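J.: Under our numbering, think of the first position of the sequence shown as 247, with each following residue one higher.
Take the hints with a grain of salt, since some may be wrong.
[To be verified] Between beta-carbon pairs, the in silico distance windows are:
{"#": "1", "residue 1": "Gly344", "residue 2": "Ala307", "range": "15 to 21 Å"}
{"#": "2", "residue 1": "Ser345", "residue 2": "Gly308", "range": "32 to 38 Å"}
{"#": "3", "residue 1": "Glu347", "residue 2": "Ala303", "range": "30 to 36 Å"}
{"#": "4", "residue 1": "Ala322", "residue 2": "Ala381", "range": "28 to 34 Å"}
{"#": "5", "residue 1": "Ala307", "residue 2": "Thr402", "range": "30 to 36 Å"}
{"#": "6", "residue 1": "Thr323", "residue 2": "Ala398", "range": "18 to 24 Å"}
These are computed hints drawn from the structure, not numbers from a lab. Given the structure is predicted, the values throughout are model-derived calculations rather than measurements. Here a beta-carbon is modelled for each residue, glycine too, at the ideal position from N, C-alpha and C.
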Amino acid sequence: MMIRNLMLVSVLTLGACTQPAAPDDARDTAPGAAGADQATAPAPDPQSPGNELPVAADLLAGAPLSGRWEDVGDGATVGVLFTSPDYADTLAIGCNTGSGEAYINWTIQNPAEDGEVRLYTEAKTEVFAATGSNAGAAIRTIDVTGSDPRLAVLKTTQAKFGVQASGEAIVVPWDPSIARVLNECAG
247 MMIRNLMLVS
257 VLTLGACTQP
267 AAPDDARDTA
277 PGAAGADQAT
287 APAPDPQSPG
297 NELPVAADLL
307 AGAPLSGRWE
317 DVGDGATVGV
327 LFTSPDYADT
337 LAIGCNTGSG
347 EAYINWTIQN
357 PAEDGEVRLY
367 TEAKTEVFAA
377 TGSNAGAAIR
387 TIDVTGSDPR
397 LAVLKTTQAK
407 FGVQASGEAI
417 VVPWDPSIAR
427 VLNECAG
């Protein structure tokens, strides 16, 4: 995406340098018109679907972080926590078996904001609404019912999956323990 943006800026800059500027009232600004002012075209929104950094194919082409999944929880809450010596933040996936609610908590470096979190697999991309919390650690949290069909992307055997939000992204190895704890929520 960065390369694409740099190329776009270069093309726009070169175009501005090689074309004489027409007076504002003489420009044809109709979309696709030969004299349309290309420099005023809006820049791509990096948060729009398909424009996020990195895109799913690029993200999943990378190797997953090294690390391990470990069981966590107490009482009705069960989960698995991924930690990596190469990555300061953590990813927790689990279930409150009492309420049947599933959760995904991703601690991050930058302040967390409400928004979307995308889960990428080789087969499918799922988008979840997430809340941000900055009390203590910055955390993005997904809370959904354990029967939410979008969770199927994490229950399927695979080598790895990606998590992305607001320009931050990671790839982690998949583990059967993820499916185990999410299946406890599905009832």
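J.: It remains to establish, for every hint, whether it holds in the given structure.
T.: Status of each hint after checking the structure:
no. : hint                        : result
1   : Gly344 / Ala307: 15 to 21 Å : violated (40 Å)
2   : Ser345 / Gly308: 32 to 38 Å : holds (35 Å)
3   : Glu347 / Ala303: 30 to 36 Å : holds (32 Å)
4   : Ala322 / Ala381: 28 to 34 Å : violated (23 Å)
5   : Ala307 / Thr402: 30 to 36 Å : violated (19 Å)
6   : Thr323 / Ala398: 18 to 24 Å : holds (22 Å)
The structure fails to meet hints 1, 4, 5 from the earlier list, while all remaining hints are met.
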